[in-house]
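Residue numbers (the working numbering): 38 to 308.
Everything labelled a hint here was simulated from the structure, so no lab data went into it.
The hints are all genuine.
Calculated cross-link-like contacts (lysine-lysine; reagent style DSBU-like; alpha-carbon spacing at most 35 Å):
#	residue 1	residue 2
1	K128	K171
2	K294	K256
3	K256	K238
4	K128	K221
5	K256	K199
6	K294	K238
7	K171	K221
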Amino acid sequence: MVIKTIKSTEDRAQRTERLARYLLIFTTLYALGSMLCLYGYTQLGLNNFGDVVSGFSARSVGMGSTGITTINDASALAVNPATIVNITADKMILSATPSYILFEEKENLLDITNDNVYFQLTGLGIAVPIVRNKFVIGVNNSPVLDYSYRFLWTALSQTMQKISDADIVASGGLRKTDIGFGLKIVDELSVGFSYGLLGGKPLAEYELTSYSNNLPSLKFADALSTEYDGHCARYGVVFNQSNYTFGGFFQTPAIVKYYIAETETGSNLTT
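With the hints as constraints, model all of the structure from the sequences given.
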């Protein structure tokens with residue numbers, strides 16, 4: 038009886054040690070992933086006019102559009118529509134991912150300053166189980182191209198006199214709204230389909246001012262507006278076998294039409 042008690046105590050100690058080890062590994066990976074996401078926000082993305090920031094949530098944008106979903110995440114429709122069958126809720130489920138983007142970059146050369154501080158909704162999804170764990174429909178809205186950007190540029194002479202400065206402000210972008218469903222054929226097989234509607238109207242405004250003897254002499258302004266309209270389809274499949282899950286999707290080439298409108302103005306400020 039004493040031997041069994043000692044063995045049971047040793048088993049519990051080993052299980053506790055393994056659990057602590059797994060927890061440490063998970064915490065380390067999570068911290069590393071968080072740092073990578075932060076680095077993706079502040080250095081790799083959302084810093085140039087027209088950057089591709091395709092993603093269905095803040096996490097996917099920060100990790101370079103990596104498609105990672107979780108159970109009960111309505112935004113999964115944007116990755117693989119077959120996965121929304123895994124939603125366990127009895128009624129409607131809403132997944133919203135707000136993001137507050139902070140970015141700042143300064144270069145000593147020519148006194149260049151680039152500031153980005155703005156709010157963005159990087160993911161909004163709604164899913165409704167028609168038949169729980171069997172048939173789920175959903176809608177998701179996510180960014181494809183982000184144009185929120187500001188760039189300030191000042192050129193100085195060797196005597197520190199102002200030569201020119203420029204101010205570029207851009208806003209808006211291209212977003213995609215997915216409407217689709219997930220259907221469980223059997224316990225081991227789920228399929229899904231979504232239809233994506235692409236649209237957006239980004240605006241870029243450019244203003245350049247030239248100086249003579251530190252006084253404004255010439256001003257030039259330009260506004261460029263682009264309107265997008267398109268669509269695409271996505272097919273998904275998920276296989277569940279024992280403790281393993283395999284899945285994939287196929288998306289048709291997106292057909293996008295765009296219209297460009299540009300206005301230019303210039304004025305001589307010298308008298």
